[in-house]
Every structure is written in structure tokens, then in C-alpha cells.
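A.B. asks: Following the hints, complete the assembly by docking chain B onto the known chain A.
Chains as they are written, first to last, in the UniProt record's numbering: chain A, 1 to 70; chain B, 1 to 209.
It should be emphasised that the hints constitute simulated quantities derived from the structure, not laboratory data. Virtual Cβ for every residue (Gly too), placed ideally from N, Cα, C.
Okay, derived cross-link-like pairs now, DSSO-like style, lysine-lysine, Cα gap no bigger than 30 angstroms in a straight line:
(1) A:37 - B:180
(2) B:190 - A:33
(3) A:33 - B:93
(4) A:45 - B:135
(5) B:93 - B:78
(6) A:45 - B:172
Pairwise CB distance ranges (calculated):
(7) A:17 - B:74: 34 to 42 angstroms
(8) A:41 - B:175: 16 to 24 angstroms
(9) B:176 - A:44: 16 to 24 angstroms
(10) B:186 - A:6: 19 to 27 angstroms
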Amino acid sequence: MASTAAVPFWRSAGMTYITYSNICANLVRNCLKEPYKSEAISREKVHFSVTKWADGKPQKPTIRSDSPED
Amino acid sequence: MFRQVAHRLLTRSTTNHSACAAATILRPYSTDVSTDASSGDSAFVEAWKKVAPNIDPPKTPIQFMEPRPPTPSTLPSKLTVNFVLPYAAELSKAEVDMVIVPATTGQMGILPGHVPTIAELKPGLLSVHEGNDVKKYFISSGFAFVHSNSYADILAVEAIPLDRIDPAQVQKGLSEFTQKLNSASTDLDKAEAQIGVDVHSALNSALTG
Numbered sequence: 001m002a003s004t005a006a007v008p009f010w011r012s013a014g015m016t017y018i019t020y021s022n023i024c025a026n027l028v029r030n031c032l033k034e035p036y037k038s039e040a041i042s043r044e045k046v047h048f049s050v051t052k053w054a055d056g057k058p059q060k061p062t063i064r065s066d067s068p069e070d
Numbered sequence: 001m002f003r004q005v006a007h008r009l010l011t012r013s014t015t016n017h018s019a020c021a022a023a024t025i026l027r028p029y030s031t032d033v034s035t036d037a038s039s040g041d042s043a044f045v046e047a048w049k050k051v052a053p054n055i056d057p058p059k060t061p062i063q064f065m066e067p068r069p070p071t072p073s074t075l076p077s078k079l080t081v082n083f084v085l086p087y088a089a090e091l092s093k094a095e096v097d098m099v100i101v102p103a104t105t106g107q108m109g110i111l112p113g114h115v116p117t118i119a120e121l122k123p124g125l126l127s128v129h130e131g132n133d134v135k136k137y138f139i140s141s142g143f144a145f146v147h148s149n150s151y152a153d154i155l156a157v158e159a160i161p162l163d164r165i166d167p168a169q170v171q172k173g174l175s176e177f178t179q180k181l182n183s184a185s186t187d188l189d190k191a192e193a194q195i196g197v198d199v200h201s202a203l204n205s206a207l208t209g
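With the rest of the complex left out, here is chain A (with noise of 0.2 angstroms):
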């Protein structure tokens, strides 16, 4: 049951099919005339905080977002 599949161009240049999709995503959502454009990419929207976390302590979080800081 060796996997002889012909793998995919982004596959073997180190990218995950998760990746690939949203870049997919993004690209057509980009094409779209105006007011589908502004409301597909305000419904993409992301906001969030990362915490990495070394020796069981929390180091300081970053905040990724799309949205203006107030």
C-alpha cells in the first residue's frame, strides 16, 4: 500500500492544502465587484490573541487583527 499518488505543485513546495485553499479563497474574493467585495472581505474579518506559553508560563501575548486598533 505504498502511496504512488502524483503529489500536488503546493504540496511538495511545503504548503498545506488548508493554506492553499484560503489562498484560493482570498484571490477570488478579491476579483468580485464592489459591494460583494467589501462585504466578503468585512465577513473575513479575524481578530485574535496568541499566547506562546515556555517553562509553564504564559510569555506576552500578541493581538493579530484586521480590524483598526481604537
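C.D. replies: Frame of chain A; chain B shown alone:
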């Protein structure tokens, strides 16, 4: 670990020796198992009644789920399509005649009675045919699952009707990514540029074709 999995798959339903049967775990295919669990697991219910006859047995999660629509014995006349996006359901249990999906292996037509299939989709045109109406969408990527009961689940990340595509933006993107492809150095850059070229050329052919 993988050798055991391969061994189990091969011996799944072919073994008749009692010794072997004890060693391998025989599990039925999901389509053979009855999906109507509305009465609950009978062994559990009986054991419950012996211990607590005055209290109703609790419902198990499977009783809250709708059973899978059964596979009809004759060929159904319509395909039931669930076309969903992460943020909305475009079509939910819509009865149609045919759906053409852009699989990575080419445009695939799905008719009622299609063999169960899982297809990965590439950026391209999806068309839903109902009588004389054809609805076309451009899909960014996704998957299509066809089940034995003529249900098709099409999952896409982005699906846009063709009249919402901006041709100028498509041309601009195409030339920009072709240029990036020529000047790309690392594998990752080349892959991203190639994705850009693929998506924009698919958009282009969807607009013109």
C-alpha cells in the same frame, strides 16, 4: 502500525476461520448498519429496565440525530444537492437533475444514481442543472461527496455567481501573477505564484466560456 491496518483492511469481510475471526475485529460497512436508532439500543434499554423499571431510560446521542436517508432500491429521478459554504448554505436538500463540478481530475457530471465518490475540487465552474435552468457558480476550492442514496454534498470555501466577477481585476491579477511566477525564487514563492495563475486563468475561462 500501518502493517496491522493493511492486514485488517484485507481481512475485513473475507475471513471465515473462527480463529481468525476472533483475532480480527469484524466491523460492518457503514451503509450496511441500520441507521434508524430512534428506539435506542435495545440491550441498554432492557438492562436499564431491570435495574430502574420506573424511570425512563435516558436517550443516547444517536436518538437525537436524523437517520441517514436510506438508499432507494430503484434509481431515483432527482439528485438531492447540499451546496454549502462556511458562512451560508447555498442549496440545502435541493432536488436537481444534474450537477457538474470542477474536480481536480476534470469537469465531473453527477447524475442521480452516481457511484459514491469523494472528489477534491479545483478552482472552476460549478453548474447546477434543473430542467432548463442552469445556475453557475465559480468555486475557489473544496470537496464534493456523492453518496449511494443520490445525495451530493458540495463543500466550497467561496462560491460566487458569475455576474459578480470583476473582469478588470481578473486580468490584472493574471498578469501580476504571471510576472511573479517568472521572477519567483523559492519553492514557496513559485507555488504561490502558480496558484495565482491557476485561479485567475480559471476565472478568465469561466467569464469567457
